[in-house]
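There are 2 protein chains.
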Amino acid sequence: MNNNRHMALSGHRIEIDYIVTGDEKQAREKMAHISVEQTIEFPADLVSQQWIKEEIVGRLEQVTPMADGRFAARVSYAAEVAGGELGQLLNLIYGNISLVPGVEVNDVQLPSALLNNFFGPRFGMAGLRSLLGVAERPLLCTALKPMGLGAQELGQMAYRFARGGIDIIKDDHGLADQPFCPFHDRVARASEAVAKANTETGKRCLYAPMVSGPDDSVWERIRFAKSMGAGALVVAPGLAGFDLMARIASSPEIDLPLLAHPSFLGGPLVARPRGISHGLLLGTLMRLAGADCTIFPSFGGRFSFTPDECTEIAYACRRPLGHIKAIFPGPAGGMSVERAAELTDFYGRDVVLLVGGDLHRRSPDLTANALDLLRSVL
Amino acid sequence: MNNNRHMALSGHRIEIDYIVTGDEKQAREKMAHISVEQTIEFPADLVSQQWIKEEIVGRLEQVTPMADGRFAARVSYAAEVAGGELGQLLNLIYGNISLVPGVEVNDVQLPSALLNNFFGPRFGMAGLRSLLGVAERPLLCTALKPMGLGAQELGQMAYRFARGGIDIIKDDHGLADQPFCPFHDRVARASEAVAKANTETGKRCLYAPMVSGPDDSVWERIRFAKSMGAGALVVAPGLAGFDLMARIASSPEIDLPLLAHPSFLGGPLVARPRGISHGLLLGTLMRLAGADCTIFPSFGGRFSFTPDECTEIAYACRRPLGHIKAIFPGPAGGMSVERAAELTDFYGRDVVLLVGGDLHRRSPDLTANALDLLRSVL
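Residue numbers (the numbering used here), protein chains in the order written: chain A, 1 to 378; chain B, 1 to 378.
Heads up, a few of these hints could be off.
Same chains, same label: a pair holds when it works inside one copy or across any pair of copies.
Claimed, not checked - Only pairs whose alpha carbons sit at most 20 Å apart, straight line, appear in this in silico SDA-like list of lysine to any residue: (1) K53 with P179; (2) K25 with D215; (3) K25 with R70; (4) K30 with G334.
Since the hints were derived computationally from the structure, they do not count as laboratory data.
Computed from a predicted structure; not experimentally measured.
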């Protein structure tokens with residue numbers, strides 16, 4: 001199988017688009033450095049093998065001046081450099097380059113021969129809509145919080161939100177296995193609460209616990225969540241690893257949609273200039289690694305992403321990417337019921353709207369507040 | 001066991017030091033935001049439970065003006081928030097805050113009750129020196145490269161370096177399982193080459209393959225490397241996950257020292273202002289997650305870290321950290337034989353000097369070049 005995988009890559013190229021600062025000469029020098037740094041990491045003049053120089057070292061395809069004075073550069077790499085593995089592909093895209101200032105990794109074009117090695121999201125937009133039985137409107141998501149509440153209280157909260165028509169009720173990403181709210185208690189209570197609400201409403205609300213944990217705990221927790229009837233999972237690949245998320249996504253035993261959380265990954269995005277584009281990191285890479293929805297802090301909330309940066313993520317979620325399914329952008333981080341219509345206009349109806357605190361602020365009746373949110377997107 | 005872990009945390013605080021931009025009022029507002037964002041992620045005015053407000057939300061301990069006009073702030077968090085797990089501790093330290101511009105997470109003080117949950121590095125400085133039988137001098141490391149060479153060629157290269165007295169011969173971090181150099185072939189060839197050299201020299205050079213891979217491949221590869229006689233492993237926790245590295249470190253079955261590579265993690269470090277300090281990310285967190293040596297691009301090479309940033313990493317490697325062993329800083333990224341003495345002066349003798357390309361540039365005789373390096377540190 002390895003041989004087949006390897007042979008299929010032969011002759012294909014991975015194209016990576018960079019944006020670099022400096023004048024054209026500096027930009028070209030930087031690109032020469034990058035094309036070596038991301039591959040052979042070796043003095044190019046000491047390489048005697050012609051095929052390594054020609055095929056392994058990245059090939060500068062073009063350098064184009066941009067309106068803002070920076071330069072757009074495209075470098076192509078032999079698909080074999082990634083070897084058909086996600087980890088090494090991430091290494092090629094943003095490995096050592098993450099350590100080089102003044103370079104943004106902007107986008108990537110991957111040949112089908114390489115994409116065929118990746119399972120991607122199990123459900124994608126269509127699959128998740130089908131699971132939920134929601135054909136057209138934006139999907140609604142909220143989070144169980146604040147941290148500090150017990151499993152019983154969070155279960156009751158989940159019940160109220162599920163009664164109000166929320167589609168996906170996720171753990172806040174800071175909920176792990178703390179003494180005040182142990183993982184197994186919380187997942188049992190919230191799963192049974194959502195199941196009860198679903199029986200009453202006839203809907204198919206999904207509860208999505210945050211799965212993390214040391215050693216083999218993470219798999220034990222995932223299997224426990226599955227056995228309790230959790231309908232989805234939240235994973236933070238910046239903490240847990242992109243390969244772990246991909247492995248969960250591709251597991252027929254688990255067979256659950258995944259919400260990806262950007263924890264630990266924001267550094268290069270809030271830097272100026274940024275180190276990697278929002279669309280590539282939180283869109284394309286999350287999608288390749290199996291997320292069915294990528295959660296990110298939307299413009300207009302508590303964080304600083306711009307509308308353009310958010311558009312980039314949404315675009316990367318849905319544009320063609322070989323056989324890899326389109327996924328939902330999940331704008332979050334201070335969204336509100338009032339802004340649901342505006343956000344739907346902005347992102348389109350294929351979106352997961354994550355409204356947290358505002359569903360508590362409107363009134364003490366969480367079910368009524370959730371129904372307000374639902375009405376605002378019908 | 002969970003109950004014991006949880007009870008032991010009660011009453012202890014995690015202290016995190018931040019550096020924030022703006023005037024004092026803005027700094028205080030930003031800190032109020034952070035202490036909520038990293039814990040309850042919920043409108044603080046809507047929290048009715050006094051104990052959540054007092055114990056779960058971070059507590060601003062002090063705000064101090066710095067000479068450069070920024071403010072140093074210390075926030076303490078209940079140790080229970082981390083729940084005794086590495087992933088959630090990383091989440092607390094640099095989760096959502098990674099998405100907030102203008103804040104640097106500078107340092108952390110962890111109570112022993114929390115540290116006791118972490119295995120840390122299996123060997124540490126003393127253990128690695130003992131494995132190698134090298135009591136005092138700097139340890140010498142090089143990398144098998146350039147990418148594109150086959151297993152046979154890299155094996156021969158490893159043999160020559162081992163004959164020349166290199167202590168640790170690692171895979172370049174871009175070597176995964178590519179068609180031109182499959183993992184198993186490479187590890188078999190390099191392991192046997194280093195074993196042969198050790199028999200001839202009487203030394204104990206360690207070969208350290210880069211371990212990565214999808215699904216369960218990574219564990220299969222780790223076990224294969226162990227069975228072939230590999231003496232250490234290279235892990236990139238930014239790609240593979242910090243928990244995976246911690247799990248390898250704590251495995252009695254594997255029982256090998258780990259070199260941590262910073263791939264994918266550089267974004268917040270090269271940003272200005274940076275998002276997290278070099279010492280915290282590449283020193284303390286790598287150490288907590290079980291690295292015996294943390295590789296980083298040193299000043300004066302192909303990258304941009306400053307001497308101060310490198311000093312920070314080295315300091316974080318060796319300062320007291322509960323029962324967690326001190327580890328080696330591994331300056332790399334364009335080091336040379338000529339600079340070995342200077343680097344030893346700078347970092348001290350408890351260092352792993354990683355010299356790559358320069359060991360090829362000096363002459364075609366790799367063994368002689370390695371011996372030059374060895375002589376320069378005796």
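Hint check results:
1. K53 with P179: between (56 Å within a copy, 17 Å between copies)
2. K25 with D215: For K25 and D215, neither the intra-copy (49 Å) nor the inter-copy (43 Å) Cα distance is at most 20 Å.
3. K25 with R70: within (12 Å within a copy, 36 Å between copies)
4. K30 with G334: between (39 Å within a copy, 16 Å between copies)
Checked against the numbered hints given earlier, this structure breaks only hint 2.
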